[in-house]
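Using the sequences and the accompanying hints, generate a full structural model.
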Amino acid sequence: MKKLLLIFVHSILWRKIFTFFVGLRFYNTEILKHRKQYILIANHNSHLDSMAIMSAIPFKNIHRVHPIAAENFFSKNAIKKFMMVHFVNAVLIPTRRAKNEGESDPIEMMGKLLRHGESIILYPEGTRGEPGVMQDFKKGLALLIQMYPDIDVIPIYIEGLHQTMPKGASLILPYNCKMYVGNPITFDSYKIEDILGVAKSSILDAKNQSSLR
Amino acid sequence: MNKLIPNLELGAQLQMVVAVIFSILVFSSLIFFAWKKLKPGALIEELVVRLKSWWVICFVFLFAALAGPMATCIGLGILSFFALRELYTHLKLRESDRSILLVCYLCVPVQYYFAYKGWYNLFVSFLPVFMFISIPFLLVMTGDTKDIVRSMGLMPSSLMIGIFGISHMAMLVCHPALNTNPDVGKGLLLFLIFLTQINDVMQFTFGKLFGKHKIMPTVSPNKTWEGFIGGLISTTVIGYFMGFLTPLHSWQLIVVSFSVALFGFIGDAIVSAIKRDFGVKDLGDSIPGHGGYLDRIDSLTTAASPFFHIVYLMILI
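Residue numbers (the numbering used here), protein chains in the order written: chain A, 1 to 213; chain B, 1001 to 1317.
To be clear, the hints were calculated from the coordinates, so they are not data collected in a lab. Don't take every hint at face value.
[To be verified] Derived SDA-like pairs (lysine to any residue); straight-line CA-CA distance at most 25 Å:
(1) B:Lys1092 / A:Lys60
(2) B:Lys1092 / A:Glu130
(3) A:Lys80 / B:Glu1095
What follows is the structure, given as structure tokens:
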């Protein structure tokens, strides 16, 4: 049931809105086709980013892909929270690591998803920053990759969606945008700084690839 | 559905032109196919991509032009929407302009509705009179005056490039006095589209063959006096012999064809300069091998409205 709903909302509805109305063009999305589990990392400038990535994911897998969102941002508004959890398939996590027993820990929550074979969409910048400026990545991504080094990490660069729906806006306007899916990242070293550095440069690499198109 | 495609029974002249267009496509496809087999290379790959797009363009354009006024208005309306979207992607307007941008997009259906209804006065005055006054005022109402002059200039002008010129093609098939016989408007529309595209090809060909003296070296190094004049003369000659599509007489045909060639060149030059300022080669990549929509229809944006008004004056007055 949930799978059908997600296919309808994202693969059909949003996909059509993005291609015909917004003018978003998808490049290299066939990379997602024959893989079962992955960690997708992307730059984050608009609320539409999650919908754009979800609409690029093949039918078969869509119910097992979860955008990761900040709990304290979305739980303020009950409707928003409901929409995120049920229509976007998001998992809401706290933004701070657990200090005491009994609190839920974000890394542990994401690790649990990965252990069960689910995929996640992660915005390593942590927040929607200024358009075009890549902020420093949060450490959580590196911790996850250290724990699960066998899962493919796929970088995605989204260009222009911040014009379609910038921070604070509620109106979606058409602009030509691009989304480029890069090749899975191979890590040579699993030190935290190295992982973050490689992840950042691979998203920037996807950015360069998309500007060539 | 009956209203969308009333009946595809076309006059003998229209059928002939459609046949000619498709035989050109088939002929060049065969040549390219043989060329690709004999001498594969990068150039022919590029040309094949372009030709494939031409097939799609011809099918879509011919269907929109010939399947009746409603199909023409809807088709051209979508084209206007795509053209506007390409412009706004590059214009870098302010965030406070977003709500007014919605107004600009909404001008598309309104303008094409006027065209579909054949309301000539509203059609010609809506954008250059009413929107040119209301959009700056709406911008003032947003209260953000920083850089407002830039938006006041750009947003109404974008409507002229994206909507006003192109919508005159819809008016050709919808104006009640021009279309006492439905084939007249279709013939004129086909004549205009065919001639602007031929003009592009002729200016390119003459420029490549004889081009020496550049007209505007800082804007577009490909435009030469030789190409311009060669294109002007050959388009006028071709237009004269294509005259059976229109109800015009000989000297009228010469004037109309000459003006299509001239204004087509102007549109090409204007869009080239816009691209130069944006620092891009093409405005998009929606049509493989051709760039964006505006790159393909650049000469139509300025050739259509003068064509309509000259023909209007000649036939109706």
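Status of each hint after checking the structure:
1. Simply put, Lys1092 (chain B) and Lys60 (chain A) have alpha-carbon atoms about 39 Å apart, too far for the 25 Å limit, and the pair is violated.
2. Our distance criterion of 25 Å between C-alpha atoms is met by Lys1092 (chain B) and Glu130 (chain A), whose separation comes to about 15 Å.
3. A C-alpha spacing of about 24 Å is found between Lys80 (chain A) and Glu1095 (chain B), which places the hinted pair at or below 25 Å, so the restraint holds.
Checked against the numbered hints above, the structure breaks only hint 1 and satisfies the rest.
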